[in-house]
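These protein sequences, in sequence, are chains A and B. Here the first sequence is numbered in UniProt numbering, starting from 1 and rising by one per residue. Here the second sequence is numbered in UniProt numbering, starting from 1 and rising by one per residue.
None of these hints come from the bench; they were simulated from the model. What you are looking at is a predicted structure, and each value in this text was computed from that prediction instead of being measured. Check the hints yourself; a few may be wrong.
Identical chains blur together in the list; that is why a pair holds if it fits in one copy or across any two.
List time: in silico DSSO-like cross-link candidates among lysine-lysine, alpha-carbon distance up to 30 angstroms [stated by the list, open to error]:
id: 1; residue 1: 108; residue 2: 146
id: 2; residue 1: 50; residue 2: 28
id: 3; residue 1: 44; residue 2: 56
id: 4; residue 1: 57; residue 2: 183
id: 5; residue 1: 10; residue 2: 123
id: 6; residue 1: 8; residue 2: 127
id: 7; residue 1: 123; residue 2: 146
id: 8; residue 1: 10; residue 2: 144
id: 9; residue 1: 215; residue 2: 144
id: 10; residue 1: 186; residue 2: 10
id: 11; residue 1: 127; residue 2: 83
id: 12; residue 1: 28; residue 2: 123
id: 13; residue 1: 201; residue 2: 50
id: 14; residue 1: 127; residue 2: 201
id: 15; residue 1: 83; residue 2: 44
Protein chains: 2
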Amino acid sequence: MAENEEEKVKLLGVVGSPFVYRVQLALKLKGVQYELLEENLEHKSQLLLKYNPIHKKVPVLVHDENPITESLVILEYIEETWKGNPILPQEPYSRALARFWTKFIDEKCMSTIWKTATTLDEKEREKAIEESHEVLQILENELKDKFFGGETLGLVDIVGTCVAFWLPAIEQIVGLELLTSEKFPKLYNWTHQVLNHPFVKETLPPREPFLAAFKARIQILTPSK
Amino acid sequence: MAENEEEKVKLLGVVGSPFVYRVQLALKLKGVQYELLEENLEHKSQLLLKYNPIHKKVPVLVHDENPITESLVILEYIEETWKGNPILPQEPYSRALARFWTKFIDEKCMSTIWKTATTLDEKEREKAIEESHEVLQILENELKDKFFGGETLGLVDIVGTCVAFWLPAIEQIVGLELLTSEKFPKLYNWTHQVLNHPFVKETLPPREPFLAAFKARIQILTPSK
Ligand SMILES: N[C@@H](CCC(=O)N[C@@H](CS)C(=O)NCC(=O)O)C(=O)O
Ligand SMILES: N[C@@H](CCC(=O)N[C@@H](CS)C(=O)NCC(=O)O)C(=O)O
């Protein structure tokens with residue numbers, strides 16, 4: 001079938017965002033070609049404001065000229081639209097568990113870990129470090145196989161890339177050690193499985209420029225660092 | 001098929017919780033019989049702690065002895081398990097829109113409106129009232145049909161019961177007028193359609209005891225009221 005203009009898939013995003021990256025990885029797993037329209041979040045495009053008037057955030061997936069926003073909503077859409085290489089199991093209870101853990105990572109992990117890097121108050125920072133340990137311990141206990149999705153990458157792993165890739169970046173920038181092989185052996189091993197997955201390797205932003213940009217962003221938020 | 005012990009559906013919950021109520025209404029729409037196991041959240045049962053060790057919250061749906069937590073995850077599970085009377089549309093893009101609005105209501109509405117009742121600081125309270133207006137305006141603009149789900153109650157309406165039932169209760173208790181017919185005619189009309197839906201009528205907690213308990217809860221949080 002000849003691809004016409006309407007069928008094209010576009011993604012409004014920025015390089016280095018864990019929310020945008022989830023969508024990129026899922027599209028890669030599904031073998032869907034797309035055009036990345038890079039946003040400047042300091043000067044948002046008219047297209048972004050038109051497509052996501054409520055939150056004005058990336059990612060926005062545009063398929064057949066229909067805009068979809070909120071990364072977790074987009075991931076469900078991708079799963080329902082392109083059936084190959086499922087990222088959710090088939091059976092309702094297993095799907096519910098995957099959605100539970102996805103929500104847990106989305107709501108608890110990134111914000112808790114982010115606070116360890118950006119909170120200026122020393123007491124609050126210590127609390128954030130403690131909470132990060134708790135969150136990682138919960139994930140450590142849950143991990144049974146090579147991936148959360150079993151033998152192949154699934155929804156939880158895709159969203160979990162914030163732990164596999166963004167967390168080590170934060171550790172390096174602020175000089176913290178959270179996810180160590182001694183404390184969290186299974187999760188530590190999992191991060192390496194994820195980072196060495198060929199599709200992940202191909203789609204992650206190049207490490208050095210990413211680290212420099214990420215460090216600059218953290219420094220703006222924490223002038224003392 | 002004779003119903004055996006394992007197939008029974010149980011719901012750990014409390015009467016008067018908008019999160020628990022969502023699940024009750026969805027089960028009613030699907031015609032699923034269940035047993036409500038009432039929790040005392042001041043003294044949580046061993047069953048609750050066993051089934052939801054991470055968040056220790058209600059609702060928990062137990063089906064075939066499998067516990068499912070987080071109301072939105074439970075609603076997706078119900079939709080996938082009992083196919084009759086769908087609460088989500090069939091087509092992926094419409095499903096994505098329904099999920100987007102569900103998430104919007106879940107994350108923005110209840111917490112914003114709740115703050116108008118429980119914030120002691122007068123400035124913050126005014127801000128919460130302003131934000132509640134914004135949120136309601138966004139919903140007013142989105143509502144096209146009798147229900148968000150079209151001619152029948154759907155996922156967005158189910159989760160939206162926090163606006164249709166809990167919001168007027170808050171208005172009455174703290175003496176506020178937010179959702180008026182002048183400002184939000186479509187949404188105002190929608191609340192009445194929802195509250196008059198036979199399944200909603202049958203499942204909502206009786207208004208007077210609910211109001212008394214809800215008022216007591218708000219007063220504990222705001223000793224000055
Ligand atoms: N809940 C959203 C979060 C997306 C998000 O926070 N995106 C950031 C980039 S990492 C953004 O667009 N920020 C712009 C802004 O907040 O103005 C999702 O899952 O898609
Ligand atoms: N995100 C949860 C929220 C559930 C929730 O907040 N439940 C409250 C009752 S309304 C609860 O169990 N609170 C007990 C506690 O926080 O200890 C859901 O959607 O199910």
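Taking the hints in turn, this is what the structure says about them:
no. : hint        : verdict
1   : 108 <-> 146 : within (22 angstroms within a copy, 36 angstroms between copies)
2   : 50 <-> 28   : within (26 angstroms within a copy, 38 angstroms between copies)
3   : 44 <-> 56   : within (8 angstroms within a copy, 40 angstroms between copies)
4   : 57 <-> 183  : between (35 angstroms within a copy, 28 angstroms between copies)
5   : 10 <-> 123  : neither (43 angstroms within a copy, 42 angstroms between copies)
6   : 8 <-> 127   : neither (46 angstroms within a copy, 42 angstroms between copies)
7   : 123 <-> 146 : neither (36 angstroms within a copy, 51 angstroms between copies)
8   : 10 <-> 144  : between (35 angstroms within a copy, 27 angstroms between copies)
9   : 215 <-> 144 : neither (33 angstroms within a copy, 45 angstroms between copies)
10  : 186 <-> 10  : neither (36 angstroms within a copy, 34 angstroms between copies)
11  : 127 <-> 83  : neither (43 angstroms within a copy, 45 angstroms between copies)
12  : 28 <-> 123  : neither (41 angstroms within a copy, 48 angstroms between copies)
13  : 201 <-> 50  : neither (33 angstroms within a copy, 39 angstroms between copies)
14  : 127 <-> 201 : neither (33 angstroms within a copy, 45 angstroms between copies)
15  : 83 <-> 44   : neither (33 angstroms within a copy, 42 angstroms between copies)
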